[in-house]
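Colleague: Sequence:
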Amino acid sequence: MLYAGAALSFTLIEEQLLSPGSTFTDATTVERQAQPIVGAIRAQLLSHRRLKGARQAAQAGRVLVASAQEDSRADFSLLAQGVKEPSAAGGGGGDAESLWISAAANSLENTFSRTAFYGATHNLLAGFDLTRSDKYVIGVVLGHEASNFTTTFNTGHERTRGFNVAPYFAYLLTPAWTLDASVGYGEFDTRQSRFLPIPLAVDSEFDSTREFASANLTNVSTWGSWTLTGALGYLAAKRKHDAYTESNGAVIAASSQTVEQGNLLAEAAYGRGASEIYFGALYERTRDPVPVQFAVGAQPANDPDGTLLSAGWRHFGKGLTANFVFTRRVSQEQVNEYGFSMMLRVDL
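Going by our numbering, the first residue of the sequence shown is number 1, and it counts up by one from there.
Simulated from the structure, these hints should not be mistaken for laboratory data. Worth double-checking, as some hints may not be accurate.
[As the list claims (entries may be wrong)] The calculated label-pair distances, taken between Cβ atoms and stated as ranges, are: (1) HIS315 / GLY224: 18 to 24 Å; (2) ASP203 / PHE279: 43 to 49 Å; (3) ASP203 / HIS315: 45 to 51 Å; (4) TYR171 / TRP226: 22 to 28 Å; (5) GLY224 / ALA266: 26 to 32 Å.
Yeah, the Cβ is synthetic: ideal placement off N, Cα and C, and Gly gets one too.
Model the full structure from these sequences, guided by the hints.
Modeller: As structure tokens, this is what we get:
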């Protein structure tokens, strides 16, 4: 009778309780942990293009003018900070160099009980870029990343630390249109623990790598003090885990997960002098997502759509650019996300 009772209790143990946390958190975090890097690069490249209303202050700081059409509807046309004086024709011919730093903190929560977890990701980035003539920018960013999650579905924790490197490029197609691309590579160490239904901790540690690629086609136009930005983008991220053995002897095979995502950005900014406030919405759609599924019982939403709302402030000073923004994810079932990031750029 006791044996039968013990067997029955074991059959009631849900499968995720016996799985390491990363088995389920990766389904949500692969692209989420790459997005702060991609977002910082996008913010840096957008800051290279300036409001017409800030032209006087900008030229005092030696800014390159990419368009001579002063009355153009698409006169969001100053491409780079810190460049030598523009030519008389307004085309510019000098080169620029700049250093920038960015810090971001994003909280993330999965609310479905069978895969529930919550925690935060922190990114510290340092970048350097070059502007050549009035047409393109090339740069590279190095970063440290840290994430901590409480995996409530298996009464555990997951802690990841690592470093990233990401070169990027942007080309001014016309005064209104810009094409940019970035790629990134990172190496990480993850330590995690979980508790079985008896008070016994199961610990594990493994190494992983992450690669990503991103591209955006961006249009910027102005109406008086208003600036409208629209962008069509693509993000692909892939994370590979090494095989490892948990402290209870369970062997976890090597694995990889790839996420492809299309996105559409719309932003409106209102500028006065050398500063502007802005509001934006970034719609994201994951292509062919690999769903998390259980053999029986309730299933997670596996919602492939989400929208990231943003509100922020930019300042374009003489040789210094600043950007501060708050974000919130909406319309994605069973996922909550909030974030804050800042960026400072100094022209050399």
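Colleague: Honestly, do ASP203 and HIS315 meet the 45 to 51 Å range at C-beta?
Modeller: Since ASP203 and HIS315 have Cβ atoms about 47 Å apart, the given range 45 to 51 Å holds.
Colleague: Could you say whether the range 43 to 49 Å given as a hint is met by the Cβ separation of ASP203 and PHE279?
Modeller: Check passed, 45 Å falls within 43 to 49 Å.
Colleague: Given a hinted range of 18 to 24 Å, is it respected by the beta-carbon distance of HIS315 and GLY224?
Modeller: holds (20 Å)
Colleague: Taking 26 to 32 Å as the stated bounds, is the beta-carbon spacing between GLY224 and ALA266 within them?
Modeller: The hint (26 to 32 Å, Cβ to Cβ) is violated, given that GLY224 and ALA266 are roughly 19 Å apart.
Colleague: Hint says 22 to 28 Å; check whether the CB-CB distance for TYR171 and TRP226 agrees.
Modeller: Check passed, 25 Å falls within 22 to 28 Å.
This entry does not satisfy hint 5, going by the numbered hints stated previously; all others are met.
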